[in-house]
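Residue numbers (numbering that gives the first Met the number 0), protein chains in the order written: chain A, 0 to 251; chain B, 0 to 177.
Be careful, since some hints might not be right.
[What the hints assert, rightly or not] Stretch by stretch, here's where chain A covers chain B in the computed footprint (C-beta under 8 Å, at least three residues):
hint: 1; region: 51-64
hint: 2; region: 156-168
[Claimed, not checked] Among chain A residues calculated to face chain B with C-beta under 10 Å, some are:
hint: 3; residue: V17
hint: 4; residue: T21
hint: 5; residue: G24
hint: 6; residue: K48
hint: 7; residue: R55
hint: 8; residue: K59
hint: 9; residue: R205
[As the list claims (entries may be wrong)] Calculated cross-link-like contacts (lysine-lysine; reagent style BS3-like; alpha-carbon spacing at most 25 Å):
hint: 10; chain 1: A; residue 1: K48; chain 2: B; residue 2: K171
hint: 11; chain 1: B; residue 1: K171; chain 2: A; residue 2: K73
hint: 12; chain 1: A; residue 1: K34; chain 2: B; residue 2: K171
By construction, these hints were calculated from the structure, which means they are not laboratory data. All C-beta atoms, glycine included, are put in the ideal place defined by N, C-alpha and C.
This is what each chain is made of:
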Amino acid sequence: MSMGFEEILDDCIERILVKGETIDGCLMAYPGQAKELEPLLRIALASAKASQIEPRSEFKAEARYRFLSALSAKGRGREKRRSLGLRRWVVASIAVLVFLLAGGGTVAASSGAMPGDPLYSVKLATEQVRLFLATSDVARARLHAQFADTRVAEIVIMAGRGNSEAVEMLTERLTNHLEQIVNLVGGEEGAEIDVLVALLEGNAQRNQAALELALEEVPPQAIPALQHAMEMSRTGYERAIQAIEGHGGGNR
Amino acid sequence: MQNEESLVQRAQRGDQDAIARLYEGYFDRIYRYIALRVGSREDAEDITEQVFLRVLESIGSFKWRGIPFAAWLFRIAHNQVIDHLRKTAKGEGLPLDESKASAAMEAELLVEQKLDIEQLLVAVKHLTEAQQEVISLRFAAGLSIAETARAMGRSEGAIKALQHSALVALRKRLVERR
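With these hints in hand, go ahead and build the complete structure from the sequences.
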C-alpha cells in the first residue's frame, strides 16, 4: 500500500527531527513529492525551534522548591519520615542548583540584599535551601524564627525608604514564617520546644520595639503600611507562642 | 525516561523520589508547550506550576491501561491552558499582540534565534485551536505522533492530517509576513 502525503510528511519530519537526517536526504527518498514537501519541512524545522525555549533558571529553582514543599507536606500526612533517598536527592539537587544559579560568592553577597535588589531572589533561595537542609522540624522552625527576624529588619529599612508596597509584601512573608513555625512544631513537646518559645518571646519584644522606633522616622506615606506590619507582627508572634505553649504541658 | 511505567506506579504509591523524578523529566517540556500556547512568560510560569500541583493531587487516579503517562500529563496542561485562555479572553483565532509576545519571551530566547521564535509565536496564534495544539505538542514538547494522538484524544491518522494542515497554515502566515 502506498503512503499518502501526510504519512510521507510525517516520516520526513521524524527522519529530520529525531534521526538527524537532512531535508535534502528526505527529498531524495520521495522525489515525486519533493516540491510539495520541501517548504513544509522547512516550516517544521523552524517550528522545532520552539524546543529551544527554556524556562528561566530562577523560576525553575523557585518552582522546584514550591513543588517539593507541596510534595513534602503531602508525604508528611502519609508517613512521618521522608525516605533517605529523597533526602539525598533534595540535598544534592538544591545545593547544586543554588551554586549553579548564583555561585558561593554571590550567595554570601546576597545576605544584605533588599527587595528590588538583583540579589534579593538569591537571598530568598538561600533561605529555602537552608530550610531543606535542616535536619528536623524544630531546626526548620528555628530557621523560620530567624527569617522572621530578617523580614522585620527589611521592613524597617524599606519603610525608611518610603516603599509601602515592599513593606506590605514583607509583612505577608513575616506572617507566613510565623505560621510555618506553628505548622512545624505545633503539638510537639520537650526542651527544644521550650527553648524555641523563649526565643520567640525575645524576638517578639525586640522586633516590636524596632518597628515602634522606626515609626517615628519613616516618611509619612509609609506609616500606614508600617502600622499594619506592627499589628501583624504582634499578633503573629502571640498566636505562634500561644499555639506552641497550648500543646506544651506543664513545662512552661 | 527509563522504565516510566514503574516510576509512575511508585509515584502512585506515594514514593516521593519517583514523583520528583517525573517532575524533573517533564518540567521543561510542559513549560515549552504552555509557553507556545499562551505566548507569555509570566502566564507560562504560573500555568506550569499549576499543572504540576494538579498532577500531585491527581496522580493516584491515573490508570495506565495503554494510555501513556505523557498523554495524561499533557492533557492536564491542555486543560489548564484552555482555562487560562477563557479567563483572559484570549480565545482561539484572536491574534496575540506581537510586541507583548516579543517582550514576554525575550529573556528565554537564544539571541541568534530570537527573531525566528518570535515570528513563530505570533504566527502560531493565527492557527486554529487544534492546529496550535498539534504544533505545540509535536514541536515544542517533542511528543511523538502516538503520544500527541493520545493527548488530543484523536487517531494517529487525524493527527498527521492536522500536522499537515497546521504546517501549511503556518507557512502561509510566515510567508505573508515577509
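Against the structure, the hints:
no.: 1; hint: 51-64; result: holds (count 3)
no.: 2; hint: 156-168; result: holds (count 7)
no.: 3; hint: V17; result: holds, 8 Å
no.: 4; hint: T21; result: violated, 18 Å
no.: 5; hint: G24; result: violated, 19 Å
no.: 6; hint: K48; result: holds, 5 Å
no.: 7; hint: R55; result: holds, 6 Å
no.: 8; hint: K59; result: holds, 7 Å
no.: 9; hint: R205; result: violated, 36 Å
no.: 10; hint: K48/A x K171/B; result: holds, 18 Å
no.: 11; hint: K171/B x K73/A; result: violated, 49 Å
no.: 12; hint: K34/A x K171/B; result: holds, 16 Å
Hint violations for this structure: numbers 4, 5, 9 and 11, all remaining hints satisfied.
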